[in-house]
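Residue numbers (UniProt numbering), protein chains in the order written: chain A, 1 to 201; chain B, 1 to 201.
Simulated from the structure, these hints should not be mistaken for laboratory data.
Beta carbons: idealized from backbone N, C-alpha and C, even for Gly.
Some hints could be false.
[Unchecked claim] Derived pair list, reagent style SDA-like, types lysine to any residue, alpha-carbon separation capped at 25 Å:
| id | chain 1 | residue 1 | chain 2 | residue 2 |
| --- | --- | --- | --- | --- |
| 1 | B | K148 | B | K52 |
| 2 | B | K201 | B | S184 |
| 3 | B | K201 | A | A192 |
| 4 | A | K201 | B | A67 |
| 5 | A | K62 | B | Q126 |
| 6 | A | K201 | B | R199 |
| 7 | B | K201 | A | K34 |
| 8 | A | K34 | A | Y58 |
| 9 | A | K201 | B | R78 |
| 10 | B | K148 | A | N189 |
| 11 | A | K201 | B | K52 |
| 12 | A | K201 | B | A188 |
| 13 | B | K201 | A | K62 |
| 14 | A | K34 | B | G37 |
| 15 | B | K201 | B | A188 |
| 16 | A | K148 | B | R199 |
| 17 | B | K201 | A | A145 |
| 18 | A | K62 | B | R123 |
| 19 | A | K62 | A | A145 |
| 20 | B | K201 | A | K14 |
| 21 | B | K201 | B | S140 |
| 22 | B | K14 | B | G95 |
| 23 | A | K201 | B | P124 |
| 24 | A | K148 | A | D138 |
| 25 | A | K62 | B | P124 |
| 26 | B | K201 | A | G35 |
| 27 | B | K201 | A | S153 |
| 28 | A | K201 | A | S184 |
| 29 | A | K34 | B | R199 |
| 30 | A | K201 | B | G37 |
[Unchecked claim] Part of the chain B face toward chain A, derived, beta carbon under 10 Å:
| id | residue |
| --- | --- |
| 31 | D42 |
| 32 | D116 |
| 33 | V118 |
| 34 | L168 |
| 35 | A171 |
| 36 | R199 |
Take a look at the letters that make up each chain.
2 protein chains.
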Amino acid sequence: MPVIARKALKPRTKPAEVRRDDILRAATSLFVAKGVGTTTIDEIATRAEVAKGTFYLYFTSKEDVVAALRERFVAGFRARILSAIEACPPDDWTGRLKSFVGAGIAAYLDDHQLHDVVFHDHRPDQRRIKGDNPLLGDLSALLAAGTKAGAWSVDDPDLAAIVLFNGLHGAVDHAIECGVRDGSELAANLSALFLRMVRPK
Amino acid sequence: MPVIARKALKPRTKPAEVRRDDILRAATSLFVAKGVGTTTIDEIATRAEVAKGTFYLYFTSKEDVVAALRERFVAGFRARILSAIEACPPDDWTGRLKSFVGAGIAAYLDDHQLHDVVFHDHRPDQRRIKGDNPLLGDLSALLAAGTKAGAWSVDDPDLAAIVLFNGLHGAVDHAIECGVRDGSELAANLSALFLRMVRPK
Numbered sequence: 001m002p003v004i005a006r007k008a009l010k011p012r013t014k015p016a017e018v019r020r021d022d023i024l025r026a027a028t029s030l031f032v033a034k035g036v037g038t039t040t041i042d043e044i045a046t047r048a049e050v051a052k053g054t055f056y057l058y059f060t061s062k063e064d065v066v067a068a069l070r071e072r073f074v075a076g077f078r079a080r081i082l083s084a085i086e087a088c089p090p091d092d093w094t095g096r097l098k099s100f101v102g103a104g105i106a107a108y109l110d111d112h113q114l115h116d117v118v119f120h121d122h123r124p125d126q127r128r129i130k131g132d133n134p135l136l137g138d139l140s141a142l143l144a145a146g147t148k149a150g151a152w153s154v155d156d157p158d159l160a161a162i163v164l165f166n167g168l169h170g171a172v173d174h175a176i177e178c179g180v181r182d183g184s185e186l187a188a189n190l191s192a193l194f195l196r197m198v199r200p201k
Numbered sequence: 001m002p003v004i005a006r007k008a009l010k011p012r013t014k015p016a017e018v019r020r021d022d023i024l025r026a027a028t029s030l031f032v033a034k035g036v037g038t039t040t041i042d043e044i045a046t047r048a049e050v051a052k053g054t055f056y057l058y059f060t061s062k063e064d065v066v067a068a069l070r071e072r073f074v075a076g077f078r079a080r081i082l083s084a085i086e087a088c089p090p091d092d093w094t095g096r097l098k099s100f101v102g103a104g105i106a107a108y109l110d111d112h113q114l115h116d117v118v119f120h121d122h123r124p125d126q127r128r129i130k131g132d133n134p135l136l137g138d139l140s141a142l143l144a145a146g147t148k149a150g151a152w153s154v155d156d157p158d159l160a161a162i163v164l165f166n167g168l169h170g171a172v173d174h175a176i177e178c179g180v181r182d183g184s185e186l187a188a189n190l191s192a193l194f195l196r197m198v199r200p201k
């Protein structure tokens, strides 16, 4: 077997996806530990064990890394919530809403440091970015489906989704501020409040 | 009448409170028009028609001006909501909650540019500052009073207040993003949603 063929079978370099992931993990550790502002691309490259030139094969800037982490954060958050919902029987609407609340609280409590990193440059005037939140669509679809099935009564699912999402976000922010680690009691109380909001007239 | 006495009767300088107000109004115009970051203290002093040294009699820095505007914004917001609530008969709990929602939406829609100026440096990790929001206490007290009177059933007024406040905030953010100028339809829909959340079991 010629040497060149063996090299192709056992590549010395990592696959692109693994390399990209190394860079994202290195950046996450640094951003959480010392903030985005004071982290340099040199530090990210060193920690990820890649040359600075390699960094630029994957990302154009530090903000590009933050954007990639934000996309991944939102996708992971959604996946965790949707899989909790899908674990419920299709007609268990109470269970579905409770799953949304419970998984949402747990995911935010677990990853709030990463949350703060990826949303660190979100300011009050950036309303359009907030409006792009795909979780609002998921929640609105859940509320509309439960209403269509006759389990709930929600006149405006989009508005109710905004209230539930922002209500949950604010309640977890308060819990984090108070040092809460286990979100199960909050999940039970919030679910009760939300279920009252959607129950039939 | 001696000249010195006439001078005392007609002072050439404005009272301190008026001067301070001139500076705050000048700063507000500049901050809204061009942002806090690019506004200089020289510009604020020029627009307020005071010497730079006079500026420093009232404020230590630009951020000190922002803090004073923030305090005034919150106080004005609260006063507007509380006076709308107080205009309702004491036992009209539905009217009181509707007043909170309607006045809150109107006040935020009217002053959202100033809102964004005074909260421009609020980041996701500044949860403690958000926790100091006195409106949460007002809203929690309203929910507790209505529950005590037997009109509502709210197990945890503090948690319900967080959900209502953040829900309202998010709904108005969405409305601003969509270019809504008149908040009355939103107020009716949000009030209906909130009243369902607090109605007796």
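Evaluation of the provided hints:
Between B/K148 and B/K52 the alpha-carbon distance is near 54 Å, which puts this suggested pair outside the 25 Å criterion. Distance check on the hinted pair: B/K201 and B/S184 sit about 28 Å apart at the alpha-carbon level, beyond 25 Å; violated. Pair hint B/K201 plus A/A192 holds up; C-alpha atoms about 11 Å apart against a cutoff of 25 Å. Pair hint A/K201 plus B/A67 does not hold up; C-alpha atoms about 45 Å apart against a cutoff of 25 Å.
Between A/K62 and B/Q126 the CA atoms are separated by roughly 22 Å; this keeps the pair inside 25 Å, and the hint holds. Proposed proximity of A/K201 and B/R199 is supported: the alpha carbons are some 10 Å apart, at most 25 Å. A hinted pair counts as satisfied when its Cα atoms are at most 25 Å apart, and B/K201 with A/K34 does not qualify at roughly 49 Å. With a C-alpha separation of about 22 Å, the suggested pair A/K34 and A/Y58 falls inside the 25 Å cut-off, and the hint holds.
Of the pairs offered as hints, the one joining A/K201 and B/R78 is violated, with about 32 Å between alpha carbons and a cut-off of 25 Å exceeded. Using a Cα cut-off of 25 Å, the hinted pair B/K148 and A/N189 holds, with the two alpha carbons roughly 19 Å apart. Proximity of A/K201 to B/K52 is assessed by CA-CA distance (about 62 Å); at most 25 Å being required, the pair is judged violated. Distance restraint check for A/K201 and B/A188: the Cα-Cα separation of roughly 17 Å lies within the 25 Å cut-off, and the hinted pair is therefore satisfied.
A hinted pair counts as satisfied when its Cα atoms are at most 25 Å apart, and B/K201 with A/K62 does not qualify at roughly 52 Å. The straight-line distance between the Cα atoms of A/K34 and B/G37 is roughly 24 Å, inside the 25 Å bound, and the hint therefore holds. Distance check on the hinted pair: B/K201 and B/A188 sit about 22 Å apart at the alpha-carbon level, within 25 Å; holds. The hinted pair formed by A/K148 and B/R199 meets the criterion: a straight-line CA distance of about 23 Å does not exceed 25 Å.
Proximity of B/K201 to A/A145 is assessed by CA-CA distance (about 24 Å); at most 25 Å being required, the pair is judged to hold. With a C-alpha separation of about 19 Å, the suggested pairing of A/K62 with B/R123 holds against the 25 Å cut-off. Note on A/K62 and A/A145: the hinted pairing is violated, with a Cα-Cα distance of about 41 Å set against a maximum of 25 Å. Distance restraint check for B/K201 and A/K14: the Cα-Cα separation of roughly 60 Å exceeds the 25 Å cut-off, and the hinted pair is therefore not satisfied.
Simply put, B/K201 and B/S140 have alpha-carbon atoms about 19 Å apart, close enough for the 25 Å limit, and the pair holds. With a C-alpha separation of about 43 Å, the suggested pairing of B/K14 with B/G95 is violated against the 25 Å cut-off. Restraint check for A/K201 and B/P124: the C-alpha separation of about 37 Å exceeds 25 Å, so the hint is violated. Among the hinted pairs, A/K148 with A/D138 is consistent with the structure: their alpha-carbon atoms are about 15 Å apart, no more than 25 Å.
A hinted pair counts as satisfied when its Cα atoms are at most 25 Å apart, and A/K62 with B/P124 qualifies at roughly 19 Å. Restraint check for B/K201 and A/G35: not satisfied, since their Cα atoms lie roughly 47 Å apart, outside the 25 Å limit. A C-alpha spacing of about 15 Å is found between B/K201 and A/S153, which places the hinted pair at or below 25 Å, so the restraint holds. Between A/K201 and A/S184, the direct Cα distance comes to roughly 28 Å. Violation of the 25 Å bound is thereby established for this hinted pair.
With a C-alpha separation of about 47 Å, the suggested pairing of A/K34 with B/R199 is violated against the 25 Å cut-off. Using a Cα cut-off of 25 Å, the hinted pair A/K201 and B/G37 is violated, with the two alpha carbons roughly 50 Å apart. With its C-beta approaching chain A no nearer than about 25 Å, B/D42 sits outside the 10 Å limit, and its interface hint is violated. About 4 Å separates the beta-carbon of B/D116 from the nearest beta-carbon of chain A, less than 10 Å, and the hint is met.
Contact between B/V118 and chain A, as hinted, is supported at the beta carbon level, the nearest pair being about 9 Å apart and thus within 10 Å. Interface hint status for B/L168: upheld, as the beta-carbon distance to the closest one in chain A is roughly 8 Å, under 10 Å. For B/A171, the suggested interface contact is upheld, since its CB lies about 5 Å from the closest CB of chain A, less than 10 Å. Checking B/R199 against chain A by beta carbon gives a least distance of about 8 Å; that is within 10 Å, so the hint holds.
Going through the hint list in order, the structure does not satisfy hints 1, 2, 4, 7, 9, 11, 13, 19, 20, 22, 23, 26, 28, 29, 30 and 31.
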